[in-house]
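Participant: Go ahead and model the full structure; you've got the sequences and the hints to work with.
Each chain, letter by letter, is given below.
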Amino acid sequence: MLSALLIAAQLQAASPPSPRLTVYVASEAVDLVSRVHFGPEGATVEKVIKVDPRPSENDGPHNLNISPDGRYWYTSVAHGTPNGTLWKFDTATDSLVGTAVLSRFPATISFSPDGEFAWVANFNLYGDMVPSSVSVVYTPAMQEVARIPTCLMPHGMRVAADGSRAWMTCMMDDKVVELDPGSYGITRVLLVKPGAERVLETSRAMQPAELDQQHGHMFHDAPAAGSTGCAPTWVQPAADGRRLYVACNRHSEVLEVDAASLSVLRRIATGKAPYNLAISADGRTLVATLKGAQALSVIDLVAGKEVAQLRTSHTVPSGVQITPDGRYALVTCEGKAAEAGAVDLFDLGARRLLSTAQVGAGAGGLQILSYEP
Amino acid sequence: MRLSLAWGLLVAAAAPLAAQQPAPFDTTALTPAQRAALRVASVRLAGDSIRITIGDTLQLSAAALDAAGNPVAGARILYNVAGREAVLVGSDRLAATKPGRSEVRGFVIKPAAPGTRATMVSASVPLIVTDMPVTSVEIRPADGILYAGTTLQFGARALVRDGRESEDAEPTWSTDRPRVATVDRFGQVTGVTAGTATLTVKAGAVSATRRLTVAPNPIAQLRVSGAPDRARTGDVVRLKVDALNAQGRPVPGVVPVWTVSGVQTGDDLGARVWADGAFVAEEAGLYTVIATVGQRSARVTIQADPRAVGRPVKLVGRGLQTDHSTSEVHVWGQNGRDYAYVGTHAAGVRPNVTGNVVFVYDVTDPAKPVLTDSLMVNARVINDVLVNDAGTIGVLTREGAADRKNGLVVLDVTDAAHPKILSEFTDSLTSGIHNTWFYQHVVYVTNDGTGALHIIDLSDPKAPKHAGRWETGDPNNRYLHDVWVRDGIMYLSYWNDGVQILDVGGLQRGGTAEKPVFVSKFAYPIGNTHNVWRDRNYLFIGDEIFGCPQCINGPRGYVHVVDLSDIDHPVEVGKFEVPEAGAHNMWAEDGKLYIAYYQGGLRVVDISGDLRGDLYRQGRQVGYFHTANDKGFTPNSPMAWGPQPYKGNIFVSDMHSGLWVVKLDEQGPLIP
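Quick mapping for you: the protein sequence lines, in order, are chains G and E.
For the first sequence, the residue numbers in the numbering used here are 61 to 433.
For the second sequence, the residue numbers in the numbering used here are 519 to 1190.
The reader is advised that the hints may include incorrect statements.
With a Cα cut of at most 27 Å, we get these calculated BS3-like pairs of lysine-lysine [stated by the list, open to error]: (1) E:923 x E:983; (2) E:923 x G:332; (3) E:923 x G:253.
Calculated from the structure, these hints are not laboratory results.
Facilitator: Set out below in structure tokens:
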């Protein structure tokens, strides 16, 4: 099986890329995680790791992230009976270290700066339209230490680089929720309904029920049927923490938000249905997967506009990462029906696809393990 | 197991604290809470234990103390619950979820110098989660007459506020006149002398009473009848005890205590006798059964011979699948020809292979299945495919769709060899459907996302519409895996909540196809309730267990045999358990149970007659077939998914190798 993958991956290589990159990719549809290497020799699937506790059911490894010290990779397994789980693996051996049961459909994973805590949005993608939560997991013991009720379909969980704040987007009630890692409460909420953005301030960190009381039961109001909201799928803080970028999936734009005031500074139009975001360390380049356009959107944050849409090799682009120097982007493609998943390596300077590795269907979460320019 | 592993990790994580003192480092970059944490030497949780009741939440409280025992202001205390008895709401509030005992741990993370590992100071207290207070209790009367010197078993039923039976009530028993009758803590009442007394049971703050009458003991002699000259292993022998008085006349209402002795294999006796006098030998041999009533006893000896039902299962034909993992099979006939629809599964062993196709075989000649067509949909798993009894429409389930909009696909099967998609239904079902069942004008589907049963009206199959929804109302147990209907009774397999039995018209309790009415529930501790099949008064319930300590070679799980003679009170009476494999889908017909036993291949089980005890040990396995092929999707490895007996053959789908057609050779040589 592995050899077939290797051949397939090598055949896909468009031209030998110059950087050396190793990434982990989660394939939600087939319960696999692949370790893929990109180098001058092309793209190689080095290893395929099963994340498949119930082989006759779809378990669904969704998102994937690597601890700040690089020692562990984590994947959120969406399905369970009924709750999903967070799995922790050793990057040296790819052996399972531990698991933690979270809530419904755990999705995006982010870490406290020291890696001691993993913040995981419980997406509850398929459940009834009721508020879900974010789980905080103490990673040395893989123990959930908080499950904070937040909003409808939370996704795009990110913790600030300095650990002072955390944010998550709420797809179905058009919100960006700001959390205080010190108190595990909600500190502010940015409503992102297009044209009606505003901030719900709180005097202290609150739970949603308190926010409901304070703001007239608007905190959990689901959008009316047929409404055209933002449907935010991702919030991405810049490395310096001064700006947040919010992907409005339904409204095909990215909002640039001042992290201090939560005021919307700019609206950047993108191709159809931006989904996940990544930003360069210098804060000059933002990339977004365009689920509705089979492309990677490249956004020049200095100019404040989308400067390119780079077509992905496969359908349904999903996860995205950018190298720290902003030179390369990696994009996963989920694929449709029987189509395989893939991970694409783009040269952002040349604005072209360098190489592709086919991986399991439903490729979504990915993270860079190592990078040499 | 999971609990101890989790705490093992937690302890391991905490261990460095005791062994080392953190080296000094620059703390200016730390938050005030982290700086405070550096001074913490111990954590003290409020109280010696935490008690909480189902339905309640509780604010946790603890203090972080320095080396002198003084509180450290500002240090962040985190909490964790070891088991599943409670969950955190936010970070410091507990919500009780199920009765039981666990631990709550409070801990402070002490930051360390860059590049070194943080340490932890912790303390834990026992967590005791109790069920809601008992609001009423009743005494279940014992059968029989209480004679002096004899014993009867009484029962208690304690109910909580929401009308269900308490999960942890511990009734206490007493009688007001111990000189007439005594009772032990198990509710066993012994008559001492003729007279009357009052039996009382207490549960929490409520109690119930029952008047006892102890009759003089006239028993002079006991006789046991009903024992055959010979029996086979697995035969249920109904023994009966007759008590006679000194004049040789029958004494009514006598309830004996039954015991058995005889062949012993290892630690296990080779036979069992139940309280109702049902005897079953599980190993061949000679057994002595004794009935005791007070000071009297009688005995009978039974010779049990091997059941000797094993026969060969022979290959008839197959539709080998080398490129897909297969799932459900449904075989049916149309216009004199026979067809097998076979679903597919992502399976996770080949990244670029997924379960988005249904294969259509013409199996009119079962020795040579001919692939006539295939049908592709947007899915990664087609777990279930089914055709209605009229043979006019079919349905298939979609899960894992690339656009995450799963649901039901309705098929036009008027040309069985070439089914076509008639309509799709995704409303509220985008999470995916795992199983489905036709009944009257509706189709029932399980909702992966909510655990609800959805009822879809297929009166117009081109335009399905929602007709209803049913769910347990328990958010902690809402994973619905399977739905099955027979004779107007619905059986829902809830993974961690057992089988829920509903009336949809067959029991005359007000249920209809669109508005099921709850009847009863049968749950058991190990959970993993996967699916059911009913045959006569027996409900066969299959488990599906992955990841267990014994699961080295694949899944485990077995088939529970539950007696539904009293459908309001299902009783487990037996099991069929292959030691080295795990049960999956099954089908019962004409006295045989066909089980796709995953890595154990196909198993055919003799379920004729009454059933009690360990059917596998009794030698009721009639036959087996190793559904593996060296050219299969996964070579040389059976993973049997589902069986269906059809026109004398047995069709089996195997995840690793596709469609199999086999036949039980009833005239073949006996297989010991």
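Participant: Hey, residue 923 (chain E) versus residue 983 (chain E), does the alpha-carbon distance stay inside 27 Å?
Facilitator: OK: residue 923 (chain E) and residue 983 (chain E) at ~17 Å, within 27 Å.
Participant: With the threshold set at 27 Å, check whether the alpha-carbon distance from residue 923 (chain E) to residue 253 (chain G) stays at or below it.
Facilitator: Cα-Cα ~24 Å, so holds.
Participant: Between residue 923 (chain E) and residue 332 (chain G), does the CA-CA distance stay at or below 27 Å?
Facilitator: Measuring from Cα to Cα gives roughly 19 Å; hence the hint holds.
This entry satisfies every hint, going by the numbered hints stated previously.
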